[in-house]
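Q: Turn these sequences into a full structure, and let the hints steer you where they fit.
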Amino acid sequence: MGMIIQGATGDWEVVIGMEVHAQVTSKSKLFSGSATEYGAEQNSQVSFVDAAMPGMLPVINEKAVEQAVRTGLGLKAKINKHSVFDRKNYFYADLPQGYQISQFLQPIVGEGVITIDLKDGETREIGITRLHLEQDAGKSIHDQHPSMSLVDLNRSGIALMEIVSDPDLRSPEEAAAYIKKLRSILRYLGTCDGNMEEGSMRADVNVSVRRPGEPFGTRCEMKNINSVRFIQQAIIYEANRQVDILEAGGTVDQETRLYDSVEGETRSMRSKEEAHDYRYFPDPDLLPLEFDDAFIEKIRADLPELPDDKKARFVNDLGITAYDAGVLVAEKEIADFFEAVAKGRDAKLSANWVIGELFGNLNRTGKSLSDSPVSADSLGELIDLIKDGTISNRIAKEVFEEMFETGKAAEAIVEEKGLKQVSDTGAIEAAIDEVIAANQDKVAEYRGGKDKLFGFFVGQVMKATGGKANPGVVNQLLRPKLDG
Amino acid sequence: MSDLTRLTIAEARDGLAAGKFSAVELTAAHITSMDAARGLNAYITETPEKAVEMATASDQRRAQGTVGKMEGIPLAIKDLFCTKDTLTTAASHILDGFKPKYESTVTTNLWNEGAVMLGKVNLDEFAMGSSNETSFYGNVVNPWRRQTDDQPLVPGGSSGGSASAVAAYTAMGATGTDTGGSIRQPAAFTGIVGMKPTYGRCSRWGVVAFASSLDQAGPMTRSVRDAAIMLEAMAGFDPKDSTSVDMDVPNFEAALTGDIKGLKVGIPKEYRLDSVPAEIQSLWDKGIEWLKAAGAEIVEISLPHTKYALPSYYIIAPAEASSNLARYDGVRYGLRVEGKDLADMYSRTRAEGFGSEVQRRLLIGTYALSAGYYDAYYLKAQKVRARIAEDFNTAFKEVDTILTPTAPSAAFAFGEKSGGDPLEMYLNDVFTVPASLAGLPGISLPAGLSGDGLPLGLQLLGRPFDEETVIRTAGVLEEAAEFTAKPSDWWRG
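Read top to bottom, the protein sequences are chains A and B.
Counting with UniProt numbering, you get residues 1 to 484 for the letters of the first sequence.
Counting with UniProt numbering, you get residues 1 to 493 for the letters of the second sequence.
Hints were generated in silico from the structure; no laboratory data involved.
A hint or two may mislead.
Heads up, incomplete: computed chain B residues facing chain A, CB under 10 angstroms, no partners named [to be verified]:
#1 PRO100
#2 VAL208
#3 ALA319
#4 LEU325
#5 ALA343
#6 TYR346
#7 THR366
#8 LEU369
#9 TYR374
The beta-carbon is built from N, C-alpha and C at its ideal position, and this holds for glycine as well.
A: Quick look at the structure:
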């Protein structure tokens, strides 16, 4: 559902396009052999090339090219066998070359598509305009010295994929769904870790507003937003700001704006007039990037099952609801965990346990799946105990809590606490007799026609057996005794 | 012992092999010569200690039976090549104090073949110039003088220090770089041989960039044979330079067979410019006759886009330079002039650090790449460049090599062309620029003297990666020209 802002003069539709910078998962940088590890000591991962020493030349990292093609295939996009690296020229202290090597007119990947998942299992297709490879800049640090800025070049030259969407998004929720889905696909592909806190994924968000059905309005670009929540907040603020301007009879200026997450507002960085003239031209140090179909097909053959396909399989083959399937495939680790639990077991029961008990407990304790105290194997063992009648569903929940607390195996807990379900008819019969003897008045009422009391007796028997009695056996034995 | 500095590389190689003298002796003779020629201002940095050390090591290697292609040969290195722990300036103030922690591939190749470094030689700032008048380290003087006066003359540029050093016998050879004629034109001005190989033959890694799509290193020597020997040592595929070409390096010296019978030599009619002095035209005609006499077939060819070469070169080279030189910003190395903020620091550093010719070209290049002008200038120039390359392709279907003059004049006096209109200076590259744009191999060799006794050069061009035909033809021409004139050694202190 699109976001409509109801202004004094009528409705306004919000139009959003995104440019996501995703750091390519790769051991070395785009054009040098330096390491790319996050959090290394400042300026410890800088080669002569990254520092733009005189006479240094870039050499393309084949792994980064593979990753870009892999991502392109994951986005069902056109792969360009011929692409060109250009120089984007501008001066800044953390840009050692004085230009960024990027791809301008001829990117490595062309048009593609992402299916985003919305509420109630609804989906929408969002167009991908292009994907290109480029270098990251270094990092300027302004708060460690009273009068100087410091520069850390560890990031300088790291490979980024800039993934540009068509202006197809219509609400903050869709923008959020888009970035989550993109992140999910990149993680499935292993081409970007999607870590927004570490800056592995950053978004430039383009926002404009228009009357429904009319041509696009003037857009503003908000640079470098690094959380899904901030993206949504920025869109809401910016769309409303533009509506206010238009309703007051003004015009929106095309400009680059900064989203201030502390103040919750966007501010002008530079207008179109002040915009950089990047003087793009083909980098004469690099030949055009060329590869053949065999290169693409080799990568294609190695593609993992992606979330959309996985979801379809979960629904069609495993009989899981679309909603549950959507939850399970959103993150590759969750899907992998679920599949490990469900392997050779009841898929629906497995899904319920993963989504219900496991996620419930993880959320409650603020833990992530990777540090879950209950492994996929041990959750599977618990489900096996339910299936073979060793414990009831209710007892299983108790056992699970214990597993989550202590990390112990289900079987050990059942053994230790004597939770094994009682199916021994002698013991159950004895309990039934006790219950009947203690509740003669209720027995009379039941026999007088108050059938509903049957449940009461079951409950009493279960209570008497500490919940361990097999409910099926209880039913079986109780009715003839009550009926007399 | 006769003066060792007068030997060619080939002769020195034989002398060293025969044990007539050692590398240390050969180097010492050149150090003495270098000291005596200081008035030419050819060297920015002299490295005599390093030279002796390298020569000593060379003698030791030879004693152990290891002999490289350039074993024990003392060379001057254009100060555009990065040399580890040795000041590398590009003749610019902006690289003040810059000592690289790495060694260029070309110099590494030379050292691996046993060569000895005498020092780093002067050039036009960032190789931008045709007279060596733009160096922050002062003008280089040509060892040649007119018979008619004592006026100091330019050595040509940008490899003016290399040319002067070799012509004045302070080095047996020197590395040069050629972007639009920077090896060939100074070679012609100083009566030596200069060769620009095919673009991609020598690695650009570790060479301070001027215009990446044009820059190419090459040898400057006193004979064609020496150029062949030295080029072979310099050249080779380098995975660190994406534009270097993965091809085997032939034995260039073996190309000097002296036999050019049946070889087809093209004479481009568009190079017959009215503005070129008659003595240069007639030297060209002499060259034609010499080749004909040696059995070559002379074919008139047409390179119709020649007149667009200079204008497109003076768009493309500055455009690339404007981007290549952006890294000299005062942030990480070289000169920094403090300012009130980052932009101010940039402005002050670059205003003080770059000389006026470099600034002029950076402005031209920035303009040519600017929004709204890119199509009209840069893109158009690239299209012209493709046409020029096509012209040569067509011509080389008919001929094996092309003969032209190297430059439209002999060496001129300081200030003669640098005072007013810069186009006057740019015109000096008219015969050398087209081959640069097409990436072709070219050589200049001394073939005669001007009326007032200055050396004049002829240029041979070849098909891409066919340096061998160029060298072979140059060898024949060299023999026929019998160029034995030498500058008087007025500079010896």
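Q: Please flag the earlier hints that this structure goes against, numbers listed from lowest up.
A: Of the numbered hints, all hold.
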